[in-house]
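Work out the full structure, taking the sequences as your base and the hints as a guide.
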Amino acid sequence: MTNEIKSVISKLIPIGIYDGSKERHRVKKVRNSNNTYIKKNEKQKENIFSLNNANNYVYLGSTNTSLLNNMGITLADDGSLLLIKGKTHDLFTGLYNKHFKGGFKYNVFNIESQQGDNMKFKELYVDPNGFLIGNKRSENKSDSAEENKNELYKIKFNKVEKDYNLNDSSSNSIENSFIVEYEKYIIDDELKQDLSSINNIVELKESNVLKINREGLDLSVSLKDNMLYIKGLPKEIISSDQVDSGKIEESNVVEHREVEHREVERKEVEHKEVEHKEVEHKIKIPLKSTDKILAIKPILNQIQLVVDKGNKIKIYYLDPLNIFSLKDYQYEVTRLKQEPPLSFYSMVGENHYNNYHSGQPFSTQKIGNFSSRYIPLFSSLIDKVRISIDKTKQQYALKQYKSMASNVAKTVDPGFRGVVSNIKGISNSSTSPCENKFKALHSARINMKEADQILSKYIKGVKNSKTAGEVIYSLVKEMKEKSSVSIMDSKGIRAFFSTNLMSLNANIGVNAFILASYAKTHSITLSKNEKNEVIFSFINKKGINVSAGLSGGIAGCEKKWIGENVSYNATTSLMASVYLSINYERQSDFSFKIALDDVVDFIDKGMKFTYEELKNNTILNDNRDISLAISADMRSEFNAGVNLSLGNKTQMSIPRNAIGINVVANLLKLNFNINKFFDYGEMSEAKKKKVIDLKLFEILLDAYRDLKIIPSKTNSTKANNWLPLATIKNIEFMFQKKINSLFGVDIFNSQKLKDEREFENKRKNLKGIYKRVLKINKLFDENPTFYNVNKNISKLDGIHLTMLPNKKLKNKMKKDPVLLNEMEVISKFDKLKGGNNFKNQFLLDLEARKKTLSSQEKSNKNERFKSYSVFQYKLDKKSEVIYEKAREDFNKKINEIMENKNITNDYIKSTLSNLYDKIKDDFSKMKYQLSSIDIMSISELLEKDKSIPLVLVELENAKGIIYHQIKGEIKFSYDEDNEQLDKMSTNYYF
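If you read the sequence shown in my numbering, its first letter stands for residue 71, the second for the next number, and so on.
The set of hints was computed from the structure by calculation and includes no laboratory data. Glycine included, each C-beta is placed from N, C-alpha and C at the ideal position. Any given hint could turn out to be false.
Claimed, not checked - Here are the simulated SDA-like cross-link-like pairs (lysine to any residue), alpha carbons at most 25 Å apart as the crow flies:
hint, residue 1, residue 2
1, LYS281, PHE394
2, LYS612, GLU520
3, LYS663, SER554
4, LYS678, GLN523
5, LYS519, LEU666
6, LYS519, LYS281
7, LYS527, VAL670
8, LYS757, ASP695
9, LYS746, ASN498
10, LYS921, HIS169
11, LYS936, ALA1028
As the list claims (entries may be wrong) - Label pairs and their computed distance ranges (CB to CB):
hint, residue 1, residue 2, range
12, ILE1008, THR404, 18 to 26 Å
13, ASN599, MET297, 48 to 56 Å
14, ASN177, SER247, 17 to 25 Å
15, LYS379, GLU231, 37 to 45 Å
16, ASN961, LYS861, 33 to 41 Å
17, THR360, GLU1013, 38 to 46 Å
18, TYR654, GLU1013, 21 to 29 Å
19, ASP460, ASP398, 30 to 38 Å
20, GLU350, TYR681, 58 to 66 Å
21, ASN177, VAL733, 47 to 55 Å
22, ILE696, ASN599, 15 to 23 Å
And the structure:
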């Protein structure tokens, strides 16, 4: 039975800017013991978090909602909800704000119902499934029995709505509609949490006992006299490493015992352990003796500790997996973490605790959490080391010493351990592109198992018996339309070989080279449609490339320092190559839809389809591309390296660092495409399409950076460090631009030729007519009914309401000149009425949203987060009429040509030419209006393994999660005449 959900339209009321200073209360003893907690009645300094705020604090990134997952929530003294919003900082901006700007500041908002029916709570926590749970506060404070009753609710934040009506002159303010949902939370009594509270007025009696789970063991943890006590654990908890060594010793002893004696002893031990499990035992925690634990609460399946450290309040997190006991019932915690446990949505690319400052109070700044994306050339190496250090700390805390040693070995491994893994993955036929639905379903089942292994690292509860179906369901249940999650696994290998052909002089040489690469990727993409169906898309892809040719270059070298065995150098060079490349790429996409409520059973029962279901409910697209190109490259770069002498006239560049610009011209390119599509209801016969096209002179421009270890022939005074251009294929590009507007000539296209023959076969004597038809069709293609324009998030508030057919933007929304700066806005809003006020408010709000998302962008360790916006322009009403009339005239003229066999060829050519001119003229008068803006983000959490970038062979393996998320939607409405902007409506999910 589904519990009733109460949806409350609320508003966010700013109550001030807070800093992270500690409230000046004196904590002598804590209330959750037999002692008393004393408050002074002295007047408190404003804008400082109280101990009650700290005690009830929860980071929303630990909950299973994607809305506001970078904020914190706590309770006011009256039990109402407070939102805490801060700004994340990288190392340098964080240090500047901390030491020169007075510390970090936080905006605090009160969540208040617009109808006055606020729900108030006495405590908050996060259950193992990621739901934010609130224990409702009784309105009858005089009744102690009523006050101590538990009435629990799931608290869910849906979206922030706001309408800006430009024609409303009756008011001068705009209210946010913050949608909050409350759902009754039913739980067994033995699983209910008893939390502590510093606010003694709210709760007079506190048992303060938490219920958590440790790999199937139900535990209870309590706080007494500044100590944690636990029951439910066995007398010894040792790591898997220690278990392995212990088994050998135990086997030697057991061999000398009689079976009967061993059985009696086992029963006695079990009986004693059961008795001891019901007794509380103290846990040794790595805190200072002067630290005071003020409160504990469950966050997911960990314990949050609010700790008074004398001059500040800090929050720590205890993972029950870090509790061990090497002696009977002497439990100790090996590690307290400063980062909260994160939900899936926060972990994938939006982990703000990986910054120097998380943007939240009660957290610790970590200098090691600097962003490496602006460090040239060595960023990936730095990230690899830092990720390894993090894993080593976790494994050390879990006493997994063998795993820790293996992880250290992986860090210094040059990539050879990935050879076997890559070869296995590349040769695995079950993840290859599929040619029919039977193979596609078999491959999908295997890929789902591999995806489950990837997800198990990031989804909470997998170790506590959550099934694969439940994991997928937890991902898609709250997913919005336009959002998607992809779980991918990619493996690749590249090899390069070259040899010197000749040297024209000391600085000019010619090489012959060959470059080959093979890559294989399989992924699962999950999304939802408007019918609340989950769309599964299984994509298998492989690609092969071989390039061979000649390269020549002019290199200039400047020696900076020369030692006996080591030298430093900087080189500028100009190079050119001519080569032949062959590329083969194949991709299959197998997809189907499953009702949301059926997802768990469908996956857990093995993704079973009957023959009819496979035929009628799935689609498969199998696409192959084969291309042959003759290309020319020209490159200029600056490179620097450290040369290590290996022997007579031989050195190794360790490493070679290069930054340069590259121009690639495909002089002649032949492409062959074969596409097979199995639609719903098709099994053996597919729609097959073949296209052959030949193009001349395509140009690609890019800037790149390169990092390789290179053996090279050299001497003590000169270093010829240029390399063939083909070596830069598949390295990291800084930007890339394809130039087709001025260049690129289609010589032959088989599909175009086929369409022309079909057209001309319908009626004889129509030679040359199809080109005119194609010309008009191109007009329609170049002027669609709508345009989607992708923009960087920095351009979010640069809104143009109109787009012309030539893609020129007009009618930009601007702030009213009377509002000179944002400091004046607040005071002048009271004087402005209606449109100008609301337009300025809209632009200022949008600018604030832009700054928030821009500050969150990162590419750090194995995480990446980037925001962008999609502007959709649609034809206005007058232009729609023009478009429909043009389409109607064109169709009518084509039908006339086909049916009337008496009209001459010259008449047809003249008619189509005139029609082309008329449509072109009419289309030039069309206008596109801005219809909507989607604010999107793409976040990644990828584990990447690379070999050291040797010039001869390079291996790469990447697996992880990519999350495309809609962060907000803006709708634009116009007046009846479709001329003037009437209203902007916004829905934000961040």
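Taking the hints in turn, this is what the structure says about them:
no.: 1; hint: LYS281 x PHE394; in the structure: holds, 18 Å
no.: 2; hint: LYS612 x GLU520; in the structure: holds, 18 Å
no.: 3; hint: LYS663 x SER554; in the structure: holds, 14 Å
no.: 4; hint: LYS678 x GLN523; in the structure: holds, 20 Å
no.: 5; hint: LYS519 x LEU666; in the structure: holds, 20 Å
no.: 6; hint: LYS519 x LYS281; in the structure: violated, 32 Å
no.: 7; hint: LYS527 x VAL670; in the structure: holds, 19 Å
no.: 8; hint: LYS757 x ASP695; in the structure: holds, 17 Å
no.: 9; hint: LYS746 x ASN498; in the structure: holds, 23 Å
no.: 10; hint: LYS921 x HIS169; in the structure: holds, 23 Å
no.: 11; hint: LYS936 x ALA1028; in the structure: holds, 19 Å
no.: 12; hint: ILE1008 x THR404: 18 to 26 Å; in the structure: violated, 36 Å
no.: 13; hint: ASN599 x MET297: 48 to 56 Å; in the structure: holds, 53 Å
no.: 14; hint: ASN177 x SER247: 17 to 25 Å; in the structure: holds, 19 Å
no.: 15; hint: LYS379 x GLU231: 37 to 45 Å; in the structure: holds, 41 Å
no.: 16; hint: ASN961 x LYS861: 33 to 41 Å; in the structure: holds, 35 Å
no.: 17; hint: THR360 x GLU1013: 38 to 46 Å; in the structure: holds, 40 Å
no.: 18; hint: TYR654 x GLU1013: 21 to 29 Å; in the structure: holds, 28 Å
no.: 19; hint: ASP460 x ASP398: 30 to 38 Å; in the structure: holds, 33 Å
no.: 20; hint: GLU350 x TYR681: 58 to 66 Å; in the structure: holds, 60 Å
no.: 21; hint: ASN177 x VAL733: 47 to 55 Å; in the structure: holds, 49 Å
no.: 22; hint: ILE696 x ASN599: 15 to 23 Å; in the structure: violated, 34 Å
Violated hints, in rising order: 6, 12 and 22; the structure is consistent with all others.
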